[in-house]
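> Okay, here's what each chain looks like letter by letter:
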Amino acid sequence: MGLKPHSDVLIVGASTAGCATAESLRHEGFTGSITVLGNETSAPYNRPPLSKHVLLGEWESEKADIFTDGAAERAGVDLHTDVTAQSLNAAERIVSTTRGDISYGRLVIATGARARQLPVSVDPAQVALTLRTREDSMALRERLENSRSVVVIGSGVLGSEIAAAARKKGCAVTVVGRSGALTLGSVRALLTQRLEQLHSQNGVALRLTEGVSSIAHDGTTAHVTLTSGNQLEADTVVVAIGAIPNVEWLESSGVTASAALECDSQGQYAEHIYAVGDVAAWHDSRSGQWLADEHQLTALQHGQAVARHIATGEKAQPPVPFFWSELYGVRFQAYGRFPADAELVTTHGDRDSGDFVALSMLDGLPHGVVASNMSRDFRRARPAVDATLSGAPAPEPAMVPATAPLGGQS
Amino acid sequence: MKIEIDAAACVGAGQCVLTAEDLFDQDDDGIVLLLNAEPDESRHAAARRSAALCPARAITIHE
Chain C
191 MGLKPHSDVL IVGASTAGCA TAESLRHEGF TGSITVLGNE TSAPYNRPPL
241 SKHVLLGEWE SEKADIFTDG AAERAGVDLH TDVTAQSLNA AERIVSTTRG
291 DISYGRLVIA TGARARQLPV SVDPAQVALT LRTREDSMAL RERLENSRSV
341 VVIGSGVLGS EIAAAARKKG CAVTVVGRSG ALTLGSVRAL LTQRLEQLHS
391 QNGVALRLTE GVSSIAHDGT TAHVTLTSGN QLEADTVVVA IGAIPNVEWL
441 ESSGVTASAA LECDSQGQYA EHIYAVGDVA AWHDSRSGQW LADEHQLTAL
491 QHGQAVARHI ATGEKAQPPV PFFWSELYGV RFQAYGRFPA DAELVTTHGD
541 RDSGDFVALS MLDGLPHGVV ASNMSRDFRR ARPAVDATLS GAPAPEPAMV
591 PATAPLGGQS
Chain P
566 MKIEIDAAAC VGAGQCVLTA EDLFDQDDDG IVLLLNAEPD ESRHAAARRS
616 AALCPARAIT IHE
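Here the protein sequences come in this chain order: C and P. Each residue of the first sequence is one higher than the one before, starting from 191 at the first, in our numbering. Each residue of the second sequence is one higher than the one before, starting from 566 at the first, in our numbering.
Hint data in this document are derived by calculation from the structure and do not stem from the laboratory. Among the clues, some could well be false.
What the hints assert, rightly or not - Each pair of labels, with its calculated beta carbon distance range:
{"id": "1", "chain 1": "C", "residue 1": "Ser390", "chain 2": "P", "residue 2": "Ala602", "range": "39 to 47 Å"}
{"id": "2", "chain 1": "C", "residue 1": "Ser543", "chain 2": "P", "residue 2": "Asp592", "range": "21 to 29 Å"}
{"id": "3", "chain 1": "C", "residue 1": "Lys505", "chain 2": "P", "residue 2": "Asp571", "range": "42 to 50 Å"}
{"id": "4", "chain 1": "P", "residue 1": "Ile626", "chain 2": "C", "residue 2": "Glu248", "range": "36 to 44 Å"}
{"id": "5", "chain 1": "C", "residue 1": "Ser403", "chain 2": "P", "residue 2": "Ala573", "range": "40 to 48 Å"}
{"id": "6", "chain 1": "C", "residue 1": "Lys505", "chain 2": "P", "residue 2": "Ala602", "range": "27 to 35 Å"}
{"id": "7", "chain 1": "C", "residue 1": "Ser311", "chain 2": "P", "residue 2": "Asp592", "range": "48 to 56 Å"}
{"id": "8", "chain 1": "C", "residue 1": "Thr274", "chain 2": "P", "residue 2": "Asn601", "range": "41 to 49 Å"}
{"id": "9", "chain 1": "C", "residue 1": "Pro195", "chain 2": "P", "residue 2": "Glu569", "range": "33 to 41 Å"}
{"id": "10", "chain 1": "P", "residue 1": "Ile626", "chain 2": "C", "residue 2": "Ser369", "range": "51 to 59 Å"}
To be verified - If you only want the chain P side, here are some residues facing chain C, beta carbon under 10 Å, derived:
{"id": "11", "residue": "Gly595"}
{"id": "12", "residue": "Ala602"}
{"id": "13", "residue": "Ala611"}
{"id": "14", "residue": "Arg613"}
Owing to the predicted nature of the structure, the values given are computational and were not obtained by experimental measurement. Note that the Cβ used here is the ideal one computed from N, Cα and C, for glycine as well.
All chains should be built: construct the whole structure from the sequences, respecting the hints.
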């Protein structure tokens, strides 16, 4: 089916955030035309299961689908897959795609991010797998089935999840990281002791203070050379060192930095243009900073806030980061903010050895809550975090950009 | 309206309970419990909001 030449709202990217925007526009009563363009061939999908149930083979990959069973059609959303946006003409309000031009009333940029590659020699390049798309997840799943040993490069949550999945598949696993700690989303390294313990108890070898200098494959085995000179051998190497926002297609419209698009607190990037999900960093009026939370719930909330703004002109409450992971059957959840100068105070359980709930305390107020299991106690602590964050005075930004309009300064 | 939950997909975030505690609860593991599958019209908006805010997309609304 061809693209219509115009859409009242054009959403570029059939990501979680892009699809949530489309769905929420209808919930908000928007009656204009909505087009969603996705550059993958398959149906849109949610990302969290890709490193969890889908990777383990517990779910068929279709269970991650969004807009199933004709839901897009029922909602009156014109959904196109396998079409790539190539450039934007913001003045004329036209997006050029691999299937022709389309003009818009409002543009929502939801092009997400892609896996960051190792900046060292990897020969051949495909020896280092990454996990970002559904296709990646299926390929890694098959490789884990056929591997005895796996090296995971990256000590963030994705690295931990891949390591746990590989252990469950019976592989010998080594996690390599440079920072000296295991991090977990918004709580950064605060739980490293507990995570190191969990991995060790489950037989994962940790090398957290070593970088990678090269990876080579001899036809049967991958050889990972570390900066210390040590070598690791593995059947499979996975690189999980973060993501890069997909903004290159905007280059001709003046976006040259390879960074998330900095939007206002309602997701507006420029006149008639919004950005949502992993490609966007929204201004947080509480902290005065632009926040890029690559989390599922943030993506959903971005979509809902932009939809409301487009449909009704109303402003939504700014998203509060929420994050979860599951490792070896232990569920971790974190809500709110974990400032570096805050103190983590355990309110339930024992943080170093088992289940717990802990608050991120700053100036006597809870700014965030993190838990291992104990979901109900975690939920009950959330309203206090909301109270702090909604009542916090908004400090001025540390620096006003030179390009900011003069009207923005007092 | 009929609400359907997928307990296997639930991650225990508690978004639904915080949004509509008359419709949802959590068990000891934090997994969603459906208290009212066919709410009155006055609660339809809350049910939709719960489904839209579920990070695991474990709530489906049939209208």
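> Against each hint, give a clear statement of whether it holds in the structure.
Here's how the hints hold up against the structure:
1. C:Ser390 to P:Ala602: 39 to 47 Å: holds, 44 Å
2. C:Ser543 to P:Asp592: 21 to 29 Å: Given range 21 to 29 Å: holds, Cβ gap about 24 Å.
3. C:Lys505 to P:Asp571: 42 to 50 Å: violated, 32 Å
4. P:Ile626 to C:Glu248: 36 to 44 Å: violated, 25 Å
5. C:Ser403 to P:Ala573: 40 to 48 Å: Since the Cβ atoms of serine 403 (chain C) and alanine 573 (chain P) sit about 43 Å apart, the hinted range of 40 to 48 Å holds.
6. C:Lys505 to P:Ala602: 27 to 35 Å: This hint holds: roughly 33 Å between Cβ atoms.
7. C:Ser311 to P:Asp592: 48 to 56 Å: Cβ of serine 311 (chain C) to Cβ of aspartate 592 (chain P): about 51 Å, so the range 48 to 56 Å holds.
8. C:Thr274 to P:Asn601: 41 to 49 Å: holds, 44 Å
9. C:Pro195 to P:Glu569: 33 to 41 Å: Given a distance of about 38 Å, which is inside 33 to 41 Å, the answer is holds.
10. P:Ile626 to C:Ser369: 51 to 59 Å: violated, 43 Å
11. Gly595: Status holds, d = 2 Å.
12. Ala602: Violated: closest Cβ of chain C sits about 20 Å from alanine 602 (chain P), beyond 10 Å.
13. Ala611: violated, 12 Å
14. Arg613: OK, holds: arginine 613 (chain P) within 10 Å of chain C, min 6 Å.
Of the hints listed earlier, those the structure fails to meet are numbers 3, 4, 10, 12 and 13, in rising order.
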